[in-house]
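Mind docking these for me? Both chains are given alone in their own frames, and the hints should help you get the complex.
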Amino acid sequence: DVKVTQSSRYLVKRTGEKVFLECVQDMDHENMFWYRQDPGLGLRLIYFSYDVKMKEKGDIPEGYSVSREKKERFSLILESASTNQTSMYLCASRVPSDTEAFFGQGTRLTVV
Amino acid sequence: SQQGEEDPQALSIQEGENATMNCSYKTSINNLQWYRQNSGRGLVHLILIRSNEREKHSGRLRVTLDTSKKSSSLLITASRAADTASYFCATPRMDSSYKLIFGSGTRLLVRP
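The listed protein sequences derive, respectively, from chains A and B. The numbering of the first sequence is the working numbering, which starts it at 1 and goes up by one. The numbering of the second sequence is the working numbering, which starts it at 1 and goes up by one.
So that you can see chain B by itself, here it is in the shape it has in the complex (with noise of 0.2 Å):
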C-alpha cells in the first residue's frame, strides 16, 4: 500500500521558475524524506526532514512538513534545465521495521 502519494504528478516549468511538489501520507512518522530520480536510473536521497521540525532547506531546496496535515512540501527554486526528473517522498513506516515506503513521485520537467 502506498504512504505517500505526491501531487501533481507531472508538473511542467521554465527555467528559472520555481517548482513545487506534494506529498500526502497517511499513518504517523518519525520522518519523511525526499528522493530524486533521474531517467532510468536510482534514487538519490535529497533531504530527510523529521516530525518535529517544520521547515528545512538545503541548497535550493526547501521542504515543510506539516504533520496535523500529513502533508509536506518540496519547494526547488530557481530551476535549471538539469532539475529534470521524478521526486519521491518516502516515509519509514513506524509499525513495521521502519520499512521505506514510497508514494508515486511528480515528473518535473525544467524546460530551457
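Extracted from the complex, chain A is given alone in its bound form (with noise of 0.2 Å):
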C-alpha cells in the first residue's frame, strides 16, 4: 500500500521560529510536492522537487525553502514563520511525468 507520511498533524509554533516540516515516501517516486490550503484558495504550490536536489518554485515560494537530499524525504522549511504562514501543509509525490499524486494526510501549522 503506498504511503506518504508527514511528520505531524498538528503543529504550533512562535513568530519568527525556524520551522521544518518533513515528509517522507515509500513508493520510491521521483517527483514530490509541497502545497499549502487556505479556505476558498485551494491548494497552492509551494516548490516542486523533480528528483534528488533538484527543485523547482512553485507558485507561492517566497518565505519558504525546502530540501531533498534523499529520493524518499522533502523537507519544507519555514526560514523564520510568520502569522501569514499559519495553514494546511500537503505533501505529495508521484513518478515522473502526468500521473496521479498521492498525498499525506496533511500538517496543519499555526503560527502565534
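Derived, one-sided and incomplete: chain A residues facing chain B with beta-carbon distance under 10 Å:
| # | residue |
| --- | --- |
| 1 | Val-4 |
| 2 | Pro-96 |
| 3 | Thr-99 |
| 4 | Phe-103 |
| 5 | Gly-104 |
Only pairs whose alpha carbons sit at most 27 Å apart, straight line, appear in this in silico BS3-like list of lysine-lysine:
| # | chain 1 | residue 1 | chain 2 | residue 2 |
| --- | --- | --- | --- | --- |
| 6 | A | Lys-53 | A | Lys-18 |
| 7 | B | Lys-70 | A | Lys-57 |
| 8 | A | Lys-71 | A | Lys-53 |
| 9 | B | Lys-26 | A | Lys-57 |
| 10 | B | Lys-26 | B | Lys-69 |
| 11 | A | Lys-55 | B | Lys-26 |
The set of hints was computed from the structure by calculation and includes no laboratory data. From the three backbone atoms N, C-alpha and C, an ideal C-beta is built for every residue, glycine too.
Set out below in C-alpha cells:
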C-alpha cells in the first residue's frame, strides 16, 4: 500500500521560529510536492522537486525553502515563521510525468 | 496561478440524488485529474481522463472532458452521505515539468 507520511498532524510555532515540515514516501517516487491549502484558495504549489537535490519554485515560494537530500524525503522549511503562514500544508509524490499524485494526511500549522 | 477552477464552490443535495461539479482550465493539457478530500485530510485520487478521451467511468463516477471548451465535469450518481467531501480538479502543467496545479474545489454536502 502506497504511503506518504507527514511528520506532524498539528503544529504550533511562534513567530520568527525556523520550522521544518517533513514528508517521507515509500514508493520510490522521483517527484515530490509541497502545497499549502487555505479556505477559498484551494491548493497552491509552494515547491516541486523532480528528483534528489532538484527543485523548482511553485507559485508561492516566498518565505519558504526546501531540501531533498534523499529520494524518499522532502522537507519544507519556513525560515522565519510568520502568522500569514498559518495554513494546512500538504505533501504529495508521484512517478515522473503527468500521472496521479499520492498525498500525505496534511500538517495543520498555526503560527502565533 | 490557478489552472483549474471548479464550479460551484459549494453544493448541497439529498442522498440518492446526482451531484455534478465542473472544472475549467486555461492552458493545453495532457490529462485532467479529479481528487477528493475529506475534511481535514489529504487528497485521494479519483480518476484521470486523458486529452484524447471524452468520457470515462469509474463505479458511480463519470467524468467528461471537452478540450475545445477547456472544461471537465465530474458526475457522482446516486450520492451517499459518505460522498460528503471537497472535490478538486488538477492538471499537469505541460510547460513546467508537469507540475500538478489544482483548482479551488467544490464542497459537496450530501444530506441523509
